[in-house]
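Using the sequences provided together with the hints, build the complete structure.
There are 2 protein chains.
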Amino acid sequence: MSLYGGIEGGGSKFVCAVGTGPDDLRAEARFPTTTPTETIGRALEFLQEQHAREPLAAVGIASFGPIDPDPASPRFGYITTTPKPGWAQTRFAGQIQRALGVPVGFDTDVNVAALGEHRWGAAQGLDTFVYLTVGTGIGGGGMVNGALIHGLMHPEMGHIAVPHDWDSDPYEGFCSYHGDCLEGLAAGPAIEGRWGQRADTLPPDHPAWALEAHYLALGVMNLILPISPQRVIMGGGVMEQRHLFPLIRREVQQLLNGYLQSPMIRERMDEYIVPPGLGGRSGVLGAIALAERALDGRAPALR
Amino acid sequence: MSLYGGIEGGGSKFVCAVGTGPDDLRAEARFPTTTPTETIGRALEFLQEQHAREPLAAVGIASFGPIDPDPASPRFGYITTTPKPGWAQTRFAGQIQRALGVPVGFDTDVNVAALGEHRWGAAQGLDTFVYLTVGTGIGGGGMVNGALIHGLMHPEMGHIAVPHDWDSDPYEGFCSYHGDCLEGLAAGPAIEGRWGQRADTLPPDHPAWALEAHYLALGVMNLILPISPQRVIMGGGVMEQRHLFPLIRREVQQLLNGYLQSPMIRERMDEYIVPPGLGGRSGVLGAIALAERALDGRAPALR
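If you read the protein sequences in the order shown, they are chains Z and F.
Per the numbering used here, the first sequence runs over residues 1 to 303.
Per the numbering used here, the second sequence runs over residues 1 to 303.
Worth flagging that the hints you see were computed from the coordinates, not collected in a lab.
C-beta atoms are modelled at their ideal positions from N, C-alpha and C, and glycine is treated no differently.
Do not take every clue at face value.
Claimed, not checked - Each pair of labels, with its calculated beta carbon distance range:
#1 F:Gln254 with Z:Gly86: 45 to 55 Å
#2 Z:Pro85 with F:Trp166: 38 to 48 Å
#3 F:Glu28 with Z:Glu240: 53 to 63 Å
#4 F:Arg98 with Z:Glu271: 34 to 44 Å
#5 Z:Pro55 with F:Thr20: 45 to 55 Å
#6 Z:Met1 with F:Glu28: 53 to 63 Å
To be verified - Stretch-level coverage of chain F by chain Z, calculated; a stretch enters the list once three of its residues show a Cβ under 8 Å from a Cβ in chain Z:
#7 94 to 107
#8 140 to 147
#9 160 to 168
This is how it looks when you write it as structure tokens:
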């Protein structure tokens with residue numbers, strides 16, 4: 001059985017692992033995201049050490065973005081226009097590939113987390129689904145017909161427009177690009193900005209949660225209607241508040257108002273909108289799954 | 001070269017054709033949609049007559065919906081829960097397949113129109129794009145990674161939620177399920193309901209069009225962000241008002257506000273949001289293209 005390396009490269013921390021799947025992770029390293037040189041250097045050092053011990057067949061990278069996911073582009077494998085200081089136009093996958101000499105797959109953090117859920121988590125056996133993460137921002141990825149969603153760039157599901165009733169919720173939204181887009185109204189900083197305290201300090205009966213569920217339900221509905229996913233997986237820090245799930249499920253049903261005549265939506269919402277099967281490990285395990293695909297050609301890779 | 005039959009089965013009219021592509025349509029029939037027995041009977045009669053003259057290799061059907069597009073379902077090939085009198089639970093593809101004995105592909109009218117645009121129209125060479133039709137309703141289809149979007153059911157892009165400023169636009173929306181969803185605010189009947197006259201009688205400088213472009217731009221943005229299409233094709237009766245295109249393009253750019261750093265969106269909007277390459281024939285030609293795919297196994301089909 002081939003051994004794989006995975007890098008979950010997030011904006012605040014990196015998680016690196018080596019293994020073959022969730023029950024066989026042989027080594028792991030976590031460290032904060034500092035400069036590209038230092039951070040990618042540490043990831044590389046970890047993988048090289050592991051590679052010397054037992055050869056890795058391929059590596060997968062789940063990267064914060066925006067990135068260039070187009071294998072035909074000279075910038076494939078780069079982080080592109082991020083506002084994160086020092087990281088714009090950073091060659092990422094290429095450094096790993098050059099040093100290790102194995103195929104390196106590269107995609108957005110959320111698409112790779114979606115892949116992890118597909119391989120070992122809550123999306124096993126599905127070919128069309130959405131993975132949404134709600135934390136300091138809102139991001140989404142997923143598959144249609146068994147392939148990760150790409151296209152012109154990659155999905156930016158957090159920035160969709162949703163109805164905002166200014167009378168009942170005068171909070172203006174915090175997105176620097178769009179103000180009151182879904183992320184601007186419903187990511188963690190919006191909860192804190194609106195109520196003046198951290199989301200995880202608000203009790204479950206605080207009105208913040210009904211409003212949060214309302215916005216997230218609008219967002220989820222706006223993903224269900226165009227993509228027709230077989231399941232919607234919701235992860236990230238805010239979704240650790242598990243009491244949000246029943247609120248969101250009920251509100252999505254109310255918003256759709258019987259329009260989609262699927263038994264899954266009408267009767268089995270508990271199975272339709274769900275937390276990640278892999279908990280907080282969707283990303284790093286997804287990177288292992290991406291490495292598998294990079295090796296057998298199902299995912300674009302630097303070779 | 002194989003000869004194919006196509007049926008564009010719409011809620012108000014049926015268009016049937018036989019041929020191999022846009023430059024080789026050998027026969028065509030159009031008739032109003034009445035009862036299922038009469039209407040499907042006329043389509044079948046036309047195809048049988050053509051089939052007797054020169055055998056058809058396969059047939060494609062573009063159907064109004066909702067439909068069951070799942071080839072594993074016993075109801076594959078049916079129109080399902082439509083409110084259209086007499087048409088709920090109508091076996092459609094099965095009747096054609098049984099009578100002609102050739103593979104019959106079956107999908108939504110908008111997905112099939114998208115396929116037509118992919119085969120011979122404005123989406124040639126793309127693998128991820130959206131086709132949106134704005135007429136008496138709003139519907140959307142498209143491809144991701146070269147496959148038509150399915151999943152739990154099929155896309156229902158017209159019913160997404162969009163911001164609605166009740167102060168500047170007190171019109172409540174006409175959608176019987178959602179009131180002021182995109183379709184409720186921006187399909188043809190909304191223009192007529194809001195301004196008290198038919199859309200095609202409003203002059204190009206009427207304020208109706210700026211508002212219409214605003215809602216359609218919100219809808220298009222809400223499709224671009226989750227799906228990341230390489231192009232958005234907009235057809236249907238309302239989009240015959242070609243002056244809408246520059247308004248929509250400008251407003252989509254303003255709404256995105258520089259967030260998506262793609263040259264296509266920043267500099268080449270004229271190529272990004274476009275009318276159908278096949279004009280009003282996307283549907284029936286798409287049905288021919290679906291027949292091709294049904295024959296070679298790229299599309300699910302009754303066989």
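Hints, one by one, checked against the model:
| no. | hint | verdict |
| --- | --- | --- |
| 1 | F:Gln254 with Z:Gly86: 45 to 55 Å | violated (30 Å) |
| 2 | Z:Pro85 with F:Trp166: 38 to 48 Å | holds (42 Å) |
| 3 | F:Glu28 with Z:Glu240: 53 to 63 Å | holds (59 Å) |
| 4 | F:Arg98 with Z:Glu271: 34 to 44 Å | holds (36 Å) |
| 5 | Z:Pro55 with F:Thr20: 45 to 55 Å | holds (53 Å) |
| 6 | Z:Met1 with F:Glu28: 53 to 63 Å | holds (58 Å) |
| 7 | 94 to 107 | violated (count 0) |
| 8 | 140 to 147 | holds (count 4) |
| 9 | 160 to 168 | holds (count 5) |
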